Amino acid sequence: MSWTLLSVEIALAALGSVLLMLGLLLPEKGRRVMQPVAVIALLGILILGGGLYTAQYSLFNGNYQIDPFGSFFKLLFVAAGILVILSAGRYLERFEERVNEFYSFMIFALLGMVVMASAGELITLYIGLELMTVSFYILTAYLLQDKLSAEAGLKYLILGALSSAILLFGISLVYAVTGTTVIADMAAQFSMQPVMIAGIILILTGFAFKISLVPFHMWAPDIYQGAPIPVTAFLAVGSKAAAFAAMVRVFVIAFPVSTFDWPLLLAILAAITIVVGNLIALVQTDIKRLLAYSSIAQAGYIIVGLVAYNTYGLKGVLFYAMLYVFSNMGAFAAATIVEVETGSTDIKAFNGLARRSPMVAAIMTVCMLSLAGIPPTAGFVGKFYLFSGAIQADYLWLAFVGLIMSMISVYYYLKVAKAMYIGTNDDVSAIKPGKAVGAALWVCLAGTLLFGLYPGPLSNLAQVAIQIFL
Amino acid sequence: MFAWSLELAWLIVLLPFAAFALIGLFLHRWPRLSAYLSILAIGLSFGLSVLVAAHVFLGGMQETFEVSMRWLAMPGLNVDMGLLIDGLTAVMLIVVTSVALLVQIYSWGYMHGDPGFSSYYAYQSVFAGAMLGLVLANNFGQLFVFWELVGLASYLLIGFWFGRHSAKNAAVKAFITNRVGDFGLLLGILFLQIIFGTLNFSGLAAEVAGYTNTAILIVVSILLLAGPIGKSAQFPLHVWLPDAMEGPTPVSALIHAATMVAAGVYLIARAFFIFSATPEVMMLIAVIGGFTALFAATIALVQNDIKRILAYSTLSQLGYMVMAMGIGAMTAGMFHLMTHAFFKSLLFLAAGSVIHAIAGEQDIWKMGRLKDKMPITTWTFVIGALALAGIPPLSGFWSKDEILLGAFAGGYTGLYLLGTLVAFMTAFYMFRLIFVVFFGSGKGVEKAHESPPVMTIPLIILAVMAVIAGFVGSPLMDYAFARFVTYPGAVHYEASTMVIAISSLVAIAGIGLAWAIYQKEWINHLQMRERFSGIYTLLYNKYYIDELYHWLGQRFVYGTAKALFWFDIYVVNGLVNGLAALTGGAGKVLRYTETGQVQTYAAYMLAGVIVIVGLVVLAGFALLI
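As they're listed, the protein sequences go chains A and B. According to the working numbering, the first sequence is numbered sequentially starting from 1. According to the working numbering, the second sequence is numbered sequentially starting from 1.
Hints are computed from structural coordinates only; laboratory data are not their basis. Given the structure is predicted, the values throughout are model-derived calculations rather than measurements. One thing to keep in mind: the hints can contain errors.
[Claimed, not checked] The calculated BS3-like cross-link candidates involving lysine-lysine, where the alpha carbons are at most 25 Å apart (straight line), are:
| id | chain 1 | residue 1 | chain 2 | residue 2 |
| --- | --- | --- | --- | --- |
| 1 | A | Lys-348 | A | Lys-418 |
| 2 | B | Lys-366 | B | Lys-588 |
| 3 | A | Lys-348 | A | Lys-415 |
| 4 | B | Lys-168 | B | Lys-542 |
| 5 | A | Lys-348 | B | Lys-588 |
| 6 | B | Lys-447 | B | Lys-562 |
| 7 | A | Lys-415 | B | Lys-588 |
| 8 | A | Lys-432 | A | Lys-348 |
| 9 | A | Lys-418 | B | Lys-588 |
[What the hints assert, rightly or not] Computed Cβ-Cβ distance ranges for the label pairs, DEER-style:
| id | chain 1 | residue 1 | chain 2 | residue 2 | range |
| --- | --- | --- | --- | --- | --- |
| 10 | A | Gln-463 | B | Asn-169 | 45 to 55 Å |
| 11 | B | Leu-14 | A | Gln-463 | 40 to 50 Å |
| 12 | B | Gly-584 | A | Met-21 | 25 to 35 Å |
| 13 | B | Arg-179 | A | Leu-470 | 19 to 29 Å |
| 14 | A | Met-359 | B | Leu-11 | 23 to 33 Å |
| 15 | B | Leu-11 | A | Gly-50 | 20 to 30 Å |
| 16 | A | Gly-50 | B | Thr-593 | 42 to 52 Å |
| 17 | B | Arg-179 | A | Ala-184 | 26 to 36 Å |
| 18 | A | Gly-50 | B | Trp-566 | 19 to 29 Å |
| 19 | B | Ala-206 | A | Leu-396 | 50 to 60 Å |
[To be verified] Here are some of the chain B residues that sit facing chain A, going by a computed Cβ distance under 7 Å:
| id | residue |
| --- | --- |
| 20 | Met-477 |
| 21 | Ala-480 |
| 22 | Ala-482 |
| 23 | Leu-590 |
| 24 | Tyr-601 |
| 25 | Ala-603 |
| 26 | Val-609 |
Here a beta-carbon is modelled for each residue, glycine too, at the ideal position from N, C-alpha and C.
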């Protein structure tokens, strides 16, 4: 094997350490270079990851997999990381001198996600997951003076530890039955017995916590609301996508559907998640909580693809996870701008935004439409893949639940648009987002529209990535 | 020769769209810059189109050039985006880009000082892009997208002066009328996809050739035909075109005379393999076209608005082209489309020059003796009218003659006589207009003046085209046009001296009659109007078709709408509001699960695990038993 196969992981680890040290070495004003350094380095890593896209190797006796599936998610995480750092913009001034470590923790969380997506073995996967989660514990509580932030950090720590315990318990039960933790070897040792089922369900619960499936979702709104908004954004797109990547790899490869019908179980969970997430989102008045419930519902949609368990469905999972980065990051970037400007995360703070900054309002609207699944945005294409997959797999009822709840979701997504375009505000001064945030918004808009109008290339990438399961 | 230009053909479409995007997003505050950019884009498209056409016509390109990429793929439906270049495309490219370029230059003068100058050029660009995309499309799916886009551009430009009530209404009318036709077209396209599994033109051509179920083919063809009937304003969907004259005159010239309305004719030509597969549909096309030609020409005889006369003339000429398609003279129809584009846009632009000169007046009876004050406008208009009337050797003569020859030699004697009658009427109403507006004995308009060179130079160029464009399809150039725009199994008839002589004679007779009545006033036209007041009123009111549609609309559409409105208010709203209250209420109840207590959250998680494990184990036991 060649170490270049691990260049993305190595580069990320190095970048995280370098940023940490730069923070110590650079004088006060040197902090300003951190953002461009981080973004440029991540862009380099993105290119590196792109170059390795089609590489397929099994390293360390199958403990670590380099394959297009993992690479797809690596690109996704790095893209999300870049957008989070760009869109954080002036919000980071609140972190004062601790902003350097903020970048390091971001990068380490990113490294954890990358490991999760590529782990070929459960313990490696767990280590990646903990690297990511521990970084997030710290990031969540990063606003030291803010009580909500501290409370959120503590809640996340307690519940996260609980879910890790559940996951580890599940892994140990599965190990007890199969005698291995290498994902690829498990299917051969699979035997149907209550312990095994309990193990699978516990592992499922561990992942379900991370992607906030009902009833394991309750942490999400509180933590999303309390955490600094860039962290919330990264939690919503990065952490979730990492859990999806790991979950798809483990469930599709290790647990044969023929002996245990886990798709049915997931289908029920997905349906409950879609219904509950969307219904509670209807009555939210805080943009962060609204996006939290929206992200719970979105997780339900993505799980539909895993339930379908066919080309369309799995392709849909990847496609949707990617477009979700752009659409959701666009929404969060706009929310960040509004919070920086008005100090509020209430939806009322969006009133009259269309006059104060037409560009931000327009991009926010497009992203909201994409999350609701309205053509010609990417969200429509993504949902199309997911629900087509479900219909092909004879989960017609699930597709119906998804469609009806998507319709309902339009209400709360457009509520934000309504506030921006129809709502009135006493303060009519123009809002000028910084250059970095502006760039992030335009990238989000471009991604949301491009994948919607011309889904071919991304669809092909996803097709290549899921070849390992077919 | 110029083979490389084919590889760049996609730029022909993209450049105007790019101009539209740049103007719309960034440049709309700088009107001059917007106009320069728009003109530059269409100018480059024109340049590329010339190279493409040169390659096709002079380089002796034998095969059609087609590139395609998958735009959308799903089981049972693949939609491509592609380019298809053959003789037909090349002709359309030249016509569209050259007329659009001249019209955009002319508009610089005509629209000068308009507050919406930038938007005007943005719309012009989006129209040009959409129209070029339409003619370059290699499949029905793409064609339909661009078909709708030209409809949108037309809507925006008809209603350009949306402050005027009539312009707003005309835009809506055009849009709705076209919607009727487009609905049929879309159904037809869906049928094609379902039956043949492809929307690609060459793919369909191969499939249709081997298809034997005539009944279905007739249904599909008639559905497809609805599109051209709407877009090319054929009876009974012709009502929108005269009203569309509410738009700025350069728009009427480009969109509602030369290019967009010709898109329907182009579609028939492009999908000729489908229509020509069933003689019944061909007959229907011929009859619709012939009827429209006659019907519109009779209305044009008595109108008083200079643009409306030209509009009905356009209807009539489109009818001519459609009739040509129906009798199998596809080449002649396309030939007439090309020559008509040049001389009719010339006529419209010259009419615009007149309207511009006399402060927006459009009533021909309020004009007169303009030839002294506006010589260039007058003589270019006369050239255009002579071409339209079919006086040899101007372009209209050659193309009209080809159509009449096709009807005569093809054995469609009725249609031949009808065509000749229309030719007579055309000459008459055009020269009625000329004698009243430019010559005549009236006192003339005091303040009239010749338009600036930015407007007159396009007129002169178009006048030259109106004279010479016909030669490419004439025996003088060995019917060059027919070699490139044709279809398998096309028949070419030898020129008949009798047809030529008769059509020229009736045109001269028409001009002579107009001269006698309106110039020399040997016959008092007011007395004529009195004597035939019944027919006059019927024609002047356009056979009351608009009133009929309005009455039908009132009776049936509004009646149904009222009933549905009641249903909507009391039944649907009740249900919807009830459901909304229910979902909202559910949301409110469910949010109480979120207590903020971390112990509660942990309890829910563990309870969730236990319930799931319990259910699965129970289900497992149930299966075992």
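The hints, checked one at a time:
no. : hint                              : result
1   : Lys-348/A x Lys-418/A             : holds, 10 Å
2   : Lys-366/B x Lys-588/B             : violated, 71 Å
3   : Lys-348/A x Lys-415/A             : holds, 10 Å
4   : Lys-168/B x Lys-542/B             : holds, 21 Å
5   : Lys-348/A x Lys-588/B             : holds, 19 Å
6   : Lys-447/B x Lys-562/B             : violated, 53 Å
7   : Lys-415/A x Lys-588/B             : holds, 17 Å
8   : Lys-432/A x Lys-348/A             : holds, 19 Å
9   : Lys-418/A x Lys-588/B             : holds, 21 Å
10  : Gln-463/A x Asn-169/B: 45 to 55 Å : holds, 50 Å
11  : Leu-14/B x Gln-463/A: 40 to 50 Å  : violated, 28 Å
12  : Gly-584/B x Met-21/A: 25 to 35 Å  : violated, 53 Å
13  : Arg-179/B x Leu-470/A: 19 to 29 Å : violated, 44 Å
14  : Met-359/A x Leu-11/B: 23 to 33 Å  : holds, 29 Å
15  : Leu-11/B x Gly-50/A: 20 to 30 Å   : holds, 28 Å
16  : Gly-50/A x Thr-593/B: 42 to 52 Å  : holds, 43 Å
17  : Arg-179/B x Ala-184/A: 26 to 36 Å : violated, 57 Å
18  : Gly-50/A x Trp-566/B: 19 to 29 Å  : violated, 60 Å
19  : Ala-206/B x Leu-396/A: 50 to 60 Å : violated, 37 Å
20  : Met-477                           : violated, 44 Å
21  : Ala-480                           : violated, 40 Å
22  : Ala-482                           : violated, 40 Å
23  : Leu-590                           : holds, 5 Å
24  : Tyr-601                           : holds, 4 Å
25  : Ala-603                           : violated, 10 Å
26  : Val-609                           : holds, 5 Å
In this structure, the earlier hints numbered 2, 6, 11, 12, 13, 17, 18, 19, 20, 21, 22, 25 are contradicted, and the remaining ones agree with it.
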